[in-house]
Amino acid sequence: MKKTLCFILLALTLSHAKEFNAPMKAYMEGLNAEAKATNPNFTGFDAKRGEALFFSKHTGKKGTEMSCVTCHSNDLKKGGQNINTNKPITALAPSVNVTRLTDVAEVEKWLRRNFNDVFAREGTALEKGDVLTYIINQ
Amino acid sequence: MKKILFITALGLSVAFAGSVAPANNAQYQKECASCHFGYQPALLNKASWEKVMTNLSDHFGTDASLGKVESEQILNYLVTNAGSGKITANNTTMQITKSPYFIKEHRKISAKLIEQKEVGSLSNCMACHTTADKGSYSERAIVIPNYGRWE
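Protein chains in written order, with our numbering: chain A, 1 to 138; chain B, 1001 to 1151.
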């Protein structure tokens, strides 16, 4: 009985686990190595830290206070809106938008642009890995 | 001679008769129109597009940087299809809204209609020009939110 329960639980966990595709996994491994090289005590990316980062406010490139949610909204399963142009942004959550976080070049491009816009600097490997770990689980 | 003049005049007058070739380049749509309306290349002249594409990392205050290859391909598309008619005349800025012809055409629109949230600014073509995405800016297709047809 215990064994069956364990199996069911495992199956449930697996079916809910969000996985990166192979190229994205390789990209995450690269970030992982970079984060470890910067901090020997680094033990892995963390969705909670990524979430905090996603919601944290900063003086952006334009000199105004903003965060990732300024454009992406505070519900990743819903779409957002570009603060400058009002153009709608499709949902970031891979659970509702399967194309998200599937193309390494796109991911790198948007991380570079958006970190610069919100933080007025590029993201570190730790920050990028954390925030991607947060998003992939949405 | 008269005939040549006539043809030239005709050519100039159709250069912007309310419509331009649609922005039908998939790469341009993907890289540029993901954040804003896909302005047709003919709305700016070659010099303006070169200015825009030289400094994408500070694109009207935001980072719109591209890889070198993508940037060159898009610049090529833009300058190949750049405008030369009255819409681009005397405008070498990076903004379509700074074109004297553009300013003249929009001079009667009240600030209230422009600033309302459905529009926001004059750079939001689609807010009123319902067929702007097809390159058509004809007066017949103008519907201003909370105002109605312009014609």
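Read the hints as simulated data drawn from the structure, not as lab findings.
This one's a predicted model, so the numbers in the text were calculated from it and none came from an experiment.
Some clues are possibly wrong.
Claimed, not checked - Far from chain B, some chain A residues (derived; all Cβ distances over 10 Å): (1) Phe20; (2) Asn21; (3) Pro23; (4) Asn32; (5) Glu34; (6) Lys62; (7) Asn84; (8) Lys87; (9) Ala105.
What the hints assert, rightly or not - With a straight-line Cα cutoff of 27 Å, these simulated DSS-like cross-link-like pairs (lysine-lysine) come out: (10) Lys87(A) to Lys1134(B); (11) Lys57(A) to Lys1108(B); (12) Lys61(A) to Lys1051(B); (13) Lys87(A) to Lys1112(B); (14) Lys1068(B) to Lys25(A); (15) Lys1108(B) to Lys1068(B); (16) Lys62(A) to Lys1134(B).
Cβ coordinates follow ideal geometry from the N, Cα and C atoms, glycine included.
Compare the distance between the alpha carbons of Lys1068(B) and Lys25(A) with 27 Å, and conclude whether the hinted pair is satisfied. It holds: about 25 Å lies between the C-alpha atoms, which stays within 27 Å.
Does Lys1134(B) lie within 27 Å of Lys87(A) when you go C-alpha to C-alpha? 17 Å, holds
Hint consistency between Lys57(A) and Lys1108(B) [alpha-carbon to alpha-carbon, up to 27 Å]: 40 Å, violated
10 Å cut-off, C-beta based - Ala105(A) kept clear of every residue in chain B: Non-interface label on Ala105(A) violated, nearest chain B Cβ at 8 Å vs cutoff 10 Å.
Is the Cβ of Lys87(A) more than 10 Å away from each Cβ in chain B? 6 Å, violated
Verdict on Asn84(A) as a residue remote from chain B, using beta-carbon distances over 10 Å: Not fine: 6 Å to the nearest Cβ puts Asn84(A) too close to chain B.
For the pair supplied as a hint, Lys1108(B) and Lys1068(B), is the alpha-carbon distance within the 27 Å limit? Between Lys1108(B) and Lys1068(B) the Cα gap is close to 42 Å, so the pair fails against 27 Å, i.e. violated.
Can the restraint linking Lys61(A) and Lys1051(B) be considered satisfied, given a maximum Cα separation of 27 Å? 20 Å, holds
Does the claim that Lys62(A) lies outside the interface with chain B hold up, using a Cβ gap greater than 10 Å? The claim is violated: Lys62(A) sits with its nearest Cβ about 4 Å from chain B, within 10 Å.
Between the alpha carbons of Lys87(A) and Lys1112(B), is the straight-line distance 27 Å or under? 20 Å, holds
Please settle this one: Pro23(A) was flagged as non-interface, so is its CB more than 10 Å from every CB on chain B? 16 Å, holds
If you draw a straight line from the CA of Lys62(A) to the CA of Lys1134(B), is it 27 Å or shorter? 32 Å, violated
Comparing the model with each numbered hint stated earlier shows that hints 6, 7, 8, 9, 11, 15, 16 do not hold.
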